[in-house]
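My numbering puts the first residue of the sequence shown at 290, with every later residue one more than the last.
Hints were generated in silico from the structure; no laboratory data involved. Built from N, CA and C at the ideal position, the CB exists for glycine as well. Treat each hint with caution, since some may be false.
Keeping only pairs whose Cα atoms sit at most 30 Å apart, straight-line, the calculated DSSO-like set for lysine-lysine is [what the hints assert, rightly or not]:
| no. | residue 1 | residue 2 |
| --- | --- | --- |
| 1 | Lys1475 | Lys1435 |
| 2 | Lys1435 | Lys1459 |
| 3 | Lys1475 | Lys1459 |
Derived DEER-like restraints, expressed as beta-carbon distance ranges [stated by the list, open to error]:
| no. | residue 1 | residue 2 | range |
| --- | --- | --- | --- |
| 4 | Ser970 | Val790 | 30 to 38 Å |
| 5 | Thr392 | Leu495 | 30 to 38 Å |
| 6 | Glu1057 | Phe1165 | 12 to 20 Å |
| 7 | Thr874 | Ala429 | 46 to 54 Å |
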Amino acid sequence: MEGWSVTALCYFFANYMITNHLGDFMRKRAVAFFLLILAFSALSVPRVEAFLQSRPDEIPYSPVVGDITGDGHPEIVIASRTVTVGTSGNGWLTVIRKYSDDTVDTLWTRRYGRAAFTPAIADVDGDGHGEIYCVVYFDAPAGMGVMSVDGLTGDINWIFNMGGSFYSNAGHEVLLADFDGDGMVEVIAQLNRSGTLFDIVVLDALSGALELTINTGSKRSYASMYCGDLTGDGNYELISSVTGGSAGDVEVVCWAPDGRVLWRVPGGPPGVADMLLDGKPEIVVVWIDPSFNAHVLIYDGHGALLREVISIDAVSTLFSHYESPVIANFDLFTPNPEIAFAVNHTPTSPECIITVVRVDGTIFWQTDPFTRGEIISMSAADLNCDGVVDLCSYNMAGEFIVFDGATGDFWAMFDDFVGDYLPDPNRFVAIADVDNDCHAEFLVSTYRGGLITSNRGIYIYGSEEWNPVRRTWNTGSYYYTNIDDDLRMLTNPNAQTHWRVDNLWRAQRAIPCGLDIIPAPEPIVCAGCDSIGEFVFSATIWNPTCEHTAYYTHAIFEFDSIALNCLNFIEGQCTTEIGDLLPETDTVLTWRFELNPSCDSLDISFVFHATCLNSLVVANRRVEVPVWTPRCDYRPTVVRVRPMECGQVISCGPSDTVFTTSSAGQEIIYNISADALFGTSYPLIDTLIMLSVESSTTPQEQITLDDPRLIWDGDEFAGGLIFNPSPPYPHGDTVVFQLEPIYNALFCMTAPEICTIIIDDRPPDTIEVFPRHGDYASYPMLSEVFAIMADDFMNIEPSSISPENMLISVNGTAINQYHVEIRADGIDPDTIFFDIFGGVLPGDTVDVCIWGMFDTSDDTSFCGPNVTPLTCWTFFMLSDEPVGFVVFPEPDNFSACPDQEIVFEITSEIEMNSASFELEIDAVVYDIGHEYLSWSEAEGILRWSPDSGWWESGRHTDVRLLRAENRVGQNIANAPVLISFWLDFDPPEIEFTSPRLGLLHMVSQSETRITASIYEPLSGLDIDSVRIWIDGEEFSFPPAQLADEGDGYWSVTLDPILAGIEFNAGDTVEVALKACDTPDYCDPNCWTRIDSFVIEPAIACIASPNPFTPDGDGVNDIVVFDYPRMFTLGGELSVFDIRNRPVFSKSLSPISDEGEVSGRSWDGRDNTGKPMPEGLYLYVIMQEGKVICNGTVVLAR
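Construct the complete structure from the given sequences, taking the supplied hints into account.
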């Protein structure tokens, strides 16, 4: 079976069948996998189209493909070296052409030194044919370097020799890019020398002159590099993988054009694509952490981690080789591209797994583990024309395997190569149409070592059923530096990067399978205000196939309902006949439409498709074309800057001396732009700008730009319009103004609204004070001193009312024994309250002064607020007030007294008026007439003395002395006097939690550990009061244990073993537990809880009656089984016949008394209900997996 190796298939199948860790299930999966391979082999048979054999001692590297000669036919360039490189050796470049009849020609082959590595090709000098660039180990002088040769002749253009000895264990990638952005192409090459000298060099591509050396330190660079604008700043950056040689010692490093390291992240090699569809490139990296877990990570262009896509645990070793990951749209139902990556050496080493994962971390498909050698590279191309690239992996055994990209199904494994195992790291599968036969070919370099040399070379595989692909495959260049199909270089800043064009990485762009359409609608522009111009639509109809003519091709428009109402043909029609399109030719069609003026700002969609009569060409190609119609009534944008809102009050006026201009800061300002926030700009017509203005004190005026008071500061598209009133408007004046309509060049206009402002040139004023100026005040009034302020037009700014702007003086001396409460909410009037608590005596004179308050004028950015000047008032003091104190109980104490008293002490210079007393208890107010409330004038004591039982247990009582006036009507100064406390008449709650207590509950010997819960949420538990007795014997703490569980809960534990207690089977055990609380007043509340439990009796294994007669006569119809611990633990009963065959089984549940027999009996029937014959039967009872009873029973009839 040519191309599909039967040997490989059988070997693959045998691996699945004999691997030790595979069980029956996995072996069945292996059989199914093998049958799937055979099924696919029946569908398509790829074949070896050509074998490019190397010289006997030659190691070929991965081939590259491109049209070097410029005649439209691609060439294959192969670099190679001899097996042993030292003081001797041969490094070759060979250029080969393959034809569609599978013949090949060697255009030229030349030796350039001791070793040559995989090249890159491009037409840098613009002469119409490609140059070849590669890393070479030169002869004289010996050293690693880079060279450029003419692709037609092999003549050397230039050589750069950096010295150093040969070093094969690394990548020697060559990249072409305009790294420094000067419009000239640079060669960027990895030069790893001598095993310790690791550099990346940047050379001029035309001359070979050294421009930059980047030393990578102790780590060598390898795998594909990328050069492009990662950060979006217009400058290019360079990224590459570097490694110290081990699985975890891999990094991706990013350099600036001057060689500075911008960032570095663990893992690699990198892949670059627009993963998040945000119009920016992201970097995909596979990283192995120190615990050997594999992580797929996405970074932005600045090296910041955006997300972890997926993690695969417990990878024993993984080395991310040369061309992984692959990025492409594997899942057509998701917009974002997917990531394909390989994990080598899973925990069941040496297995490998290939995974395709979506950006959200879900797996699209994943292979079963396979043992075909460590995967070193992956490539991809759409082979079956389903729009999804198919994945080609290359391993260290010199084999490559193909998987269906849409499903992950195994397609083929190519292993025509024979020889000994020898890994070579510089290999990947090249995919291109190398012979112009309109089908993809695989190019695979192989070297298997040993004595067999006939299979060293390049295998070319193909199939007539494979989809055509591009004719270029150029490592380090094709994907990353914008080399088109004829090898032309596009340089910065005009180059489009791969992620903008195809958004692929290591995947070949496919040629469409049939007719293709390239729509090119022209943008629609406005012809005037509310008038839309014509719409011109062009489209290229292309027959991309290279074998078949598209006969009778024609193009058809299909309009949606919006397009039908908006578009009218001026030129062209719905169906256009094109005729026959020869292979790889195209034609351009053009249509002109008139648009309905009412169809502005719409997204119009229509379907455009091309068809032909040739079934060998996909006959119907459809594209949906969205068209946006512009809005042609864009009005100029007018934004009023000052005042910000109409009706505002501004604080600027004639009193503001800060202004030297005549306007005194009363400017009216507009920002004007030619159109709205988006769309095409149309210039303003400034000759029509006019401002109308009038006020309460001035008549209306029409002011133009000829008036010096109206200033335009801008250009024809945007600027500021400033009106400076002269003279300024006075306090209280209302100004009305309006900007006349503003026009743009389309004669679309905007008419601003009429607006007013009010001039406020005076500060806030004090309108009321208390006590009033000259009044007398008592001590209670000192907590109620206030001032009320207001403003003529606006409110007072709350932040301006501050204690720093206030002063209280007693007898001319300032005091600070007062608090200030400001009730300023921004709405007039605002109030300032003063609470004076000291420094004032009867007969004193008190002065209160305030200043510095300002108003909240809407616009204070020019003049600032209007500020209140110093304002003072005076009042005189009377005598002291009575004061009340709580004597008993203390706040938040706990009382266990049923007749708890409440006592207040009241001090007063004069006799109290007891009729004024008001005492509030839990929101109920009592006066002196209540039987529990009494007053002693001689002692100054107010007492609440309730009867026993009046209080409720658990009650949190709030008490307030609201009123207690002296005989002149002065209430206590500190009213209300507050006190709160708790009432607790209940003992702690005790609950036994284990074992189950009560005479009806039996307990096994292993379950006699005694635990209890004590709950005391109020007064708290007196831990010294806790006592425990077992059968009348008290046990101390320890061995008993008492623990605080929080929130008022305590636990008590007594382990009989630790306490030295022994219980006998059948014993009844009495348990007593006592606990008390700790109130602050009266005796504690105590409780002793007593309960008991029974120790399970010893039970022997008995089956009774034996024999038994299940004949339905009501006598001995069942046999009942007794077994140990049947009161506390169930079991499993199994009955067998004399031949040890199971006939009956059931689960046994614990019983509460011996009278319960139904759950532990057998009626002589099997599990299906069939009566069993007479005879001897064996029974077994198991508990917790152990046999505790076995014996025989006799069934008699």
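**Q.** 30 Å Cα cutoff - pair Lys1435, Lys1459
**A.** Roughly 15 Å separates the two Cα atoms, so the pair holds.
Q. Okay, Thr874 versus Ala429 on CB: inside 46 to 54 Å?
A. Distance hint for Thr874, Ala429 holds at roughly 53 Å.
Q: For Glu1057 and Phe1165, compare the CB-CB distance with the range 12 to 20 Å and indicate the outcome.
A: About 19 Å separates the Cβ atoms of Glu1057 and Phe1165, which means 12 to 20 Å holds.
Q. Could one say that the CB atoms of Ser970 and Val790 fall in the range 30 to 38 Å?
A. Distance hint for Ser970, Val790 holds at roughly 31 Å.
Q) Does Lys1475 pair with Lys1459 here, judged by a C-alpha cut-off of 30 Å? A) Status holds; Cα separation ~29 Å.
**Q.** Pair hint Lys1475 and Lys1435, alpha-carbon separation not exceeding 30 Å
**A.** holds (16 Å)
Q.
Given a hint of 30 to 38 Å, does the C-beta separation of Thr392 and Leu495 actually sit inside it?
A. holds (36 Å)
Checked against the numbered hints above, the structure breaks none of them.
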